[in-house]
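J.: Each residue of the sequence shown is one higher than the one before, counting from 1336 in the working numbering.
These aren't lab readings, by the way, just hints derived from the structure by calculation. Here the structure is a predicted model, which means the values were calculated and not measured. Possibly wrong hints are sitting among the right ones.
[Unchecked claim] Pairwise CB distance ranges (calculated):
no.: 1; residue 1: L1455; residue 2: G1505; range: 17 to 25 Å
no.: 2; residue 1: I1466; residue 2: G1433; range: 45 to 53 Å
no.: 3; residue 1: V1424; residue 2: A1464; range: 22 to 30 Å
no.: 4; residue 1: V1446; residue 2: A1504; range: 42 to 50 Å
no.: 5; residue 1: N1471; residue 2: T1399; range: 36 to 44 Å
no.: 6; residue 1: G1423; residue 2: N1471; range: 19 to 27 Å
no.: 7; residue 1: L1512; residue 2: A1346; range: 35 to 43 Å
no.: 8; residue 1: G1407; residue 2: G1505; range: 40 to 48 Å
no.: 9; residue 1: G1395; residue 2: T1498; range: 40 to 48 Å
no.: 10; residue 1: L1507; residue 2: G1434; range: 40 to 48 Å
no.: 11; residue 1: N1365; residue 2: A1508; range: 37 to 45 Å
In this text, a Cβ means the ideal position worked out from N, Cα and C, and glycines have one as well.
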Amino acid sequence: AMNGPTISGGAVASTNAYVTVNFSAAVYGNSGATAAVTASSFSLAFSRNAGGATAVSIVGVANTSGGAVAAGATAVRILLSITGAPTGVETVAIGPAGGSSIYNASGNAMVSAQTTGALLLNLASADYAWIGGTGNWSVATNWLPEGVPGTTPEDTATIASGTVTLDAAGSLASVTLSG
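Please construct the entire structure, taking both the sequences and the accompanying hints into account.
T.: Laid out in structure tokens, this is it:
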């Protein structure tokens, strides 16, 4: 049997918006090597592992710059839709949809057992609002949603009233003071 292309790696974007999948060779969506792979060329296995995300699905594909995938790509972004907020324990694994969904230039199919392996989702960022009156930044119940801003660098925090004691270090996208 001729050897088809293999998955040589996978990485989850920091925002969890996509998984970049790398291949051992240029890949195509048909055995004639004229079509690009599509979302339906791939499958996804999700493991919740008691995390906050309850479901993940493939909603599209893009090239590594976010544009249309060309025939013969060696890396593809698998665009994800996630239900719930990931807490950093959930995993996804990307593979071919089957044994006749991804091909190399010679028309050899990727075997269906190929996979990125389990890749951890990242802790989701959040937009927090202070509800704690007078209290400490680090107390999760002082914020809506419950949590501590600065857990991820993309978090934002809004404080409209009250007195907040900054008792923990963190990095945020923004802090808004109003009121």
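J.: All the hints need checking, so say for each whether the structure fits it.
T.: Each hint, compared with the structure:
The beta-carbon spacing between L1455 and G1505, approximately 21 Å, falls within the hinted interval of 17 to 25 Å. Separation of I1466 from G1433 is about 50 Å and conforms to the stated range, judged on CB atoms against 45 to 53 Å. Our hint of 22 to 30 Å for V1424 and A1464 holds, since their Cβ atoms are close to 25 Å apart. Our hint of 42 to 50 Å for V1446 and A1504 holds, since their Cβ atoms are close to 48 Å apart.
Remark: the range hint 36 to 44 Å for N1471 to T1399 is upheld by a beta-carbon distance near 43 Å. Hint check: G1423 to N1471, Cβ distance near 24 Å, so the stated range 19 to 27 Å holds. A hinted range of 35 to 43 Å for the beta carbons of L1512 and A1346 is consistent with their spacing of about 37 Å. Evaluation of the 40 to 48 Å hint for G1407 and G1505 yields a pass: the beta carbon distance comes to about 44 Å.
Between G1395 and T1498 the beta carbons are some 46 Å apart, a value that agrees with the proposed interval 40 to 48 Å. In this structure, L1507 and G1434 meet the distance hint of 40 to 48 Å, their C-beta atoms being roughly 47 Å apart. Evaluation of the 37 to 45 Å hint for N1365 and A1508 yields a pass: the beta carbon distance comes to about 43 Å.
When each numbered hint is compared with the structure, no violation occurs for any of them.
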